[in-house]
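Q: Residue-level listing of the chains:
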Amino acid sequence: MPFLESHLLGVIVAAPFLAALALLFVSPTRPGAIRAISLVGALVSLAGSVHVALGYDLARGGLQRAERYPLVPSLGIDLSLAVDGWSVSLLLLTGVIIVTGVLASWTLTDRPRDFFVLLLVLVAGVFGVFVCQDLFVFFLFYEIAVLPMYLLIGIWGSRGKVPAAGPFAFVWRRFDVGGREYAAMKLTLMLLVGSAAILVVILALYSAAGGSTFDLQALARARFPRELQLWAFPLLWLGFGSLAGVFPFHTWSPDGHAAAPTAVSMLHAGVLMKLGAFGVIRVGMLLLPEGASYWAPTVGGVAVINVLYGAICALTQRDLKYVIAYSSVSHMGVVMLGAATLTVDGWNGAIYQMFAHGMMTGLFFALVGLVYDRAHTRWVPSMGGFARQMPWVASFFVLAGLSSLGLPGLAGFVAEFLVFLGAWQSQHYVWALAGVLGAWVTAVYVLRVGRDIFFGEGPRSDEIHHLTDARRSEWGALWVLGACLVVFGSYPRLILDFIHVATLEYLPRAAGAASALLEASR
Amino acid sequence: MSPLYTALLCTFLPLAAALVLVLVSPLRRAGLAAGLFSVATALIAFGGAVTLLLERWSGAATPVRETVRWLPHAGLGGGAHARAVIELGVQIDGISATMLVVVTAVAACVQIFSLGYMAGEPKPDFGRYFTWQSLFLFSMNSLVVAPNLLQLFLGWELVGLVSYLLIGYWWSKPSAARAAMKAFWMTKLADMGLILALLVLFVDTGSFDWTVTTSAAGAVTLLLFFAVMGKSAQFPLHVWLPDAMEGPTPVSALLHAATMVAAGVFLVVRAFPLFEQAPTTGLVMAYVGAFTALFAAVIAVVQTDIKKVLAYSTCSQLGYMVAALGAGSQVGGFFHLTTHACFKALLFLAAGSIIHGVHSNELSHMGGLWSRMRVTSVAFLVGALALAGVPGLAGFFSKDLILEHVLERGLWAPLGALLVAAFLTAFYMGRVTLVALFGRPSAHAEHAHEGGVSLLAPLVVLAVPAAGVGWLGAKLSGLYAAPVHFHLSPVGMVATGLALAGLGLAYWMFGAPQGGGRLRAAFAPIGRLARSGAVNARFAWGYGVLGGVSSIFAWFDRYVIDGLMNGLGYATLALGARLRGLQTGRAQDYVYVLVAAMLGVGAYGAFWSR
Amino acid sequence: MGLTGYLLLAAALFSLGVFGVVTRRNAIGVLASVELMANAVNLNLVAFSRHHAGPTGQVFALFSIALTVAEVVVGLALVLLLFRAKGDVRIELASELKD
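Protein sequence lines, in the order shown, are assigned to chains A, B and C.
Heads up: the first sequence begins at 1 in my numbering, then just goes up one per residue.
Heads up: the second sequence begins at 1 in my numbering, then just goes up one per residue.
Heads up: the third sequence begins at 1 in my numbering, then just goes up one per residue.
Hints in this document: simulated from the structure, not taken from any laboratory.
From the three backbone atoms N, C-alpha and C, an ideal C-beta is built for every residue, glycine too.
Accuracy of the hints is not assured; some may be wrong.
One-sided and incomplete, this derived list gives chain B residues near chain A with beta-carbon spacing under 7 Å [said to hold, decoys possible]:
(1) LEU13
(2) VAL50
(3) TRP170
(4) PRO174
(5) SER550
(6) ILE561
All chains should be built: construct the whole structure from the sequences, respecting the hints.
A: See below:
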C-alpha cells in the first residue's frame, strides 16, 4: 500500500478525526457501534504509530517521513508533517493512551456519541501537534487539542468538594467552585490566556524571520536577535507552561482533573499536559536557544517549586483525584526540570518522563475512575480495605504508584534518574536534591493513599461487599498500561534510543557545546 | 554451562517463576503447587550458585564480568565522559559467588519452611506469598551479581519493594499495612543518599564502577553510608526494622535478618575500593556501627516478643559488620555477614517453628519447649550459642576477627562498645533460650508440638553452617582477599570471656530457680523506655510535621494561589458589571457619543494635528 | 454657485438630520431624520461629481438612493413590528437588547 506508506502521518492524524466524522452519521442510540468506530479510529492511529516507530531509521536520525500539503502558500503556511525521535515516542504514548482511554470509557452511558466525537477530535489535535513541522499549524492543532476539553468537562464532568475559606472566600461564593462548569471554564480560560501569549510570540517570530515561512526548521535556522529571544522565551514558557502546569499557573489542574470524566483525565494528564512541555522545548528552546539558556535557571527554579510543591500539596489531599492531579503537577515539574538542565541526559529524561508519566498517570486515572465507578466516592477517608474486593485494581494502583515514586524497573525511574543526572551535570545541585526529595515525598503520599483505599480494615464490610474488580474492557486498559510501565522501565532503550537520536541533534542548538559532544557519542 | 549463564540462570529463573505466578492465575491460586514451583526454582538457583562458588573454590576460575548498555548516554564534552556508558550486567567473583550461595541457600530453606508455616493461609494468598518470594530472590540476586553501583541500586530498590510487599502480606491488618509503609518510607529516605552518590560519582568519573578513583570519594561514601544506615538499620534509621516483624516469620528470617538488611553491608563490601579512599567515612562508620551494636543490644535485653528480640539483635549484629568495615576490615564485615546470615536465619526459622507451635510471639507464653519441641529447641540453641559467640561456633570466628581489627586501628570507644555489646548479646540470647526452652511452661505452651517435616528440615539444614561455617573462614576470605588465618587473639579471649559471663548472668537471673530479682528490677527503666517507643514517637512526630507542612501548602495553594486566579476572574466580572452601566439601550445615546466622537476627531484633524 | 454652497447646504441638511435622530422620540421621525442625513450625503456626491466632471459620483448617488429605499423598507417594517409589539412607536421602547 504505497499510498498508506507515504501518507502514514497524515493517516495517523486524520484517523481519529475521520472516526469522529463517521460518528456523526451513527444514531446516538447505538452505543455499540459508536464504541466500535471510536476504537477503530484509535487503533488505526496506534497501529500507525507503532509502524512509524518500527520504520524509523535510527542510524539516519533527523526528520523522516516528511509530508507536505500546502495550506496558505502566500503566507508560507503548510501542513507539513514529519517525525523525529521525540515525535516517535510521543506518538506511541498518545496511541496507547487514546486506545486505553476509549476502553476505559466503554461503559459511558450519557450521550456517548457526542463524548466520543469530542474525544477523537481532541486526540487528532494531539497527534497533529506531535508530528507537525509548521509553527502555525502547530498552534492550530494545539488549540484543537485544548478546546474540546471545555465541553468534555462541562458536560460529562463531576463535582469535587471545595469549601469556601481563606482570604478570597468572598470570591468563592460568587463562583460554583468545584463544579464542573467552573472547572471547565477555569481550565479553558487559563489555557487560552496562555495561548494568547503563544500567538504573540509566533507572530513576532514569523515577522522577525522575514514573514515568508512558518516552517520550524527554517525558523530554527533564522537566528533571532537576542532582545527578541529574551522577551519571547518567557512568554512562550508561561504560555505553554500554563498547559504543562507550571507554578503558579497549575491551579486549573486539580479542579480540571477532578471534574473530568475518566477518559478525559487520562488524556489530559497523560498526553495533553505534555503538549505544553513539548511546546516549551520544541518551540521555545529550539527556536530561541539564547533566550532558553538565559532563562534556564528560572525555568529550573520554578520546576523545582513544581516538584516539591505539587508533592507536598498532594500529601494532604483527601479527594483521590486531587491527589493524582497534584502528583501530575509535581511530575510535570520533573519534565521542566530536565528541559532546563540543557544537557543530553536531562533532555532525554524530560522527554522520557513525558512518556513514562503519561503511561503512569493514564493508569492512575483509569483506576481512579474505576474505583469511583464502583464505590461512588472519591473521598479517601470513606474508603478502606478495597483490596479484598478488587485485588487487581489494588495491584495496578500499587504498580502505578511505584512507578511514580521512581522504583527501578518501572518507567518512572529511568526518566527521573536521567533528569537528576542532567541536573547534576548542569551543576544545579539543588535541582537534583529537590528532585530526589520530591521522589521521596511522592513515596509518602502514594503509599499512604494506596494504604487508605485498599488496605487496612476499611469502613464496614457490608458497605463494600458489592464492589467488583475490573471488567472486560477495563482489563484491556489496565494490562496494557501496566505492561508498558514494566517493559519500558526494564528495557528503556526501546523508547530512549529514539529520544536520544533527536536530543543529540537538537541539543547543540540550545546548549552551544555542540560538535565535541556529537563526536564523542558516536 | 559457563559461569555467565549460570549466574544469569540464578538471577532470572526466579524472575521467570514470579512472572509465571503473576500471569498464570490458576497456578497461583492452586496454593501448594505454586509453592512447590517456587521452591523448585529456588533450589535450581541454589544449585547454580553452589556451582559458581565451587569453581572459585578450586581456584581455577577467574572473575567473570559481562555488561550490556542499558541507557544511551552522551557525556559532557571530552574526558572521562566521552566514553561513559550506562550499563547493567553480571559480575561473578569471590564476593558475589559467596553471597549468591548465602542468599539462595537461605531463600530455599525459608521457602521450604514457608510451605509448612503458611499452610493455613487461603490458597490465593499462599500463591501470592510465593510470587513475592520468587520476586525477592530475583531482586536480591540481581543486587548480588551487580557489576556496578547502578545495578546494585536497582536491586537495592527492588528488594525494598519486596520487603514492602511481604511485610504487608497481611494487608488487612492495619498494623501490618502501616509497618510496610513505614519500612518503605524509611529505607526510601535513606536511598536518597544512594541515588545522590550515584550522581556525584558518575558526574565526577563518568562511571558507576566501584573500582574508579575519584576526588569526591568522601562525599560519595558518606552518601552511600547514609543509604546503608537505612537499609541495614543503623541508628537512627533503624526504627523500621522492629516494625517489619509484622510480616510472616519466614519473611523476617529471609529479608529482615539474613539477606535484605545485609544488603547495606554488602554494598560497603562491594564498594570497598571507594571506601578505602575516604578514611573519614570509615571513622563515622566505626562509631555509628559500634553505637548501634550497643544500643540495639540494650533494647534487645528487655523485649518480650521473641521476634523483636531477634530484630534488635539483627540491628546490633549489623552494627558489628558496619563497625568492622569502618575499621577497614572488608573480610571481617563480609565474613560476619555470612555467618550471621546462617545463624540468624536459623534463629528466626526456629522462632517461627516455636510460634507455629505456641501460636504466640510473647516470651511469657512459652517455656518448657525443650521437652515438647526437641528438634526446634536444639536448632534454636545452636543458633543462640553461635550468635553469643561461643567458641567453635560460627559467630565466634567472625566476631573475633572484627574485634581484632577494631583494636588494630586503635578505635578504643567503638571497641569498648562492641565488647559490651558482645556481653549483652550473650546475655539476651541466654535469657530468651532459658525462658522459652527451659522456663516454666505457660498455658499456651502446654500443647506445643513440632510442625511437619517442611518446618524441621530447613532447621536441620541451616544448623550445620550455623555451627560450622566459621571453620571455612580462611578459605572463604581467600576467594576475594588475602586469606585470613584465625587464631585466638587476646581481645578475642576477652570477648569470649564476656560472652560466657553474659550467658552465666542470664542463667543466674532466668535459669536458676531463684535469684537475680533485684537485677531484673534494675532493667525495668530501660524496659519502659524501650517499650514506650520513644523513637517510634519521634517517627510519628516527623510524619505529623510533614502532614502539617503539607496542610499549610495545600491551603496556600487552594485559597491563595488559586484564590488569585479566581480573584482575577472575579475582577473581570466586577469590571464588566460596572461598565455595563454605559450601555443604556437607547439608540439616541449612542448617536450622541458617535457624533461627539466624529466632531472630536474632525476637530483634531483640522486644528491640532498640523 | 461653486462647490462651497452645495457643501454648506449638505452640511446643514446633515446637521438637521443628526439633530432629528438625537431628539425625536417617534421612530418614524428618527427614520425620516436618517433619510435627511443620507440625502445630505447624496447631495455631496452629486456636487463632487459635477466638480470633477465625471460620472462616478452620480452613479454612486443613484446606487445610494436605491440602498436608501431598501433601508427605509426595513426600517418601516421594524417600526411596524414595534408598533405591533408595544402598541406605540416611541423609540425608547426598543431597548431590551441591553439586558
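Q: State for each hint whether it applies.
A: Evaluation of the provided hints:
no. : hint   : result
1   : LEU13  : 16 Å, violated
2   : VAL50  : 27 Å, violated
3   : TRP170 : 10 Å, violated
4   : PRO174 : 4 Å, holds
5   : SER550 : 4 Å, holds
6   : ILE561 : 5 Å, holds
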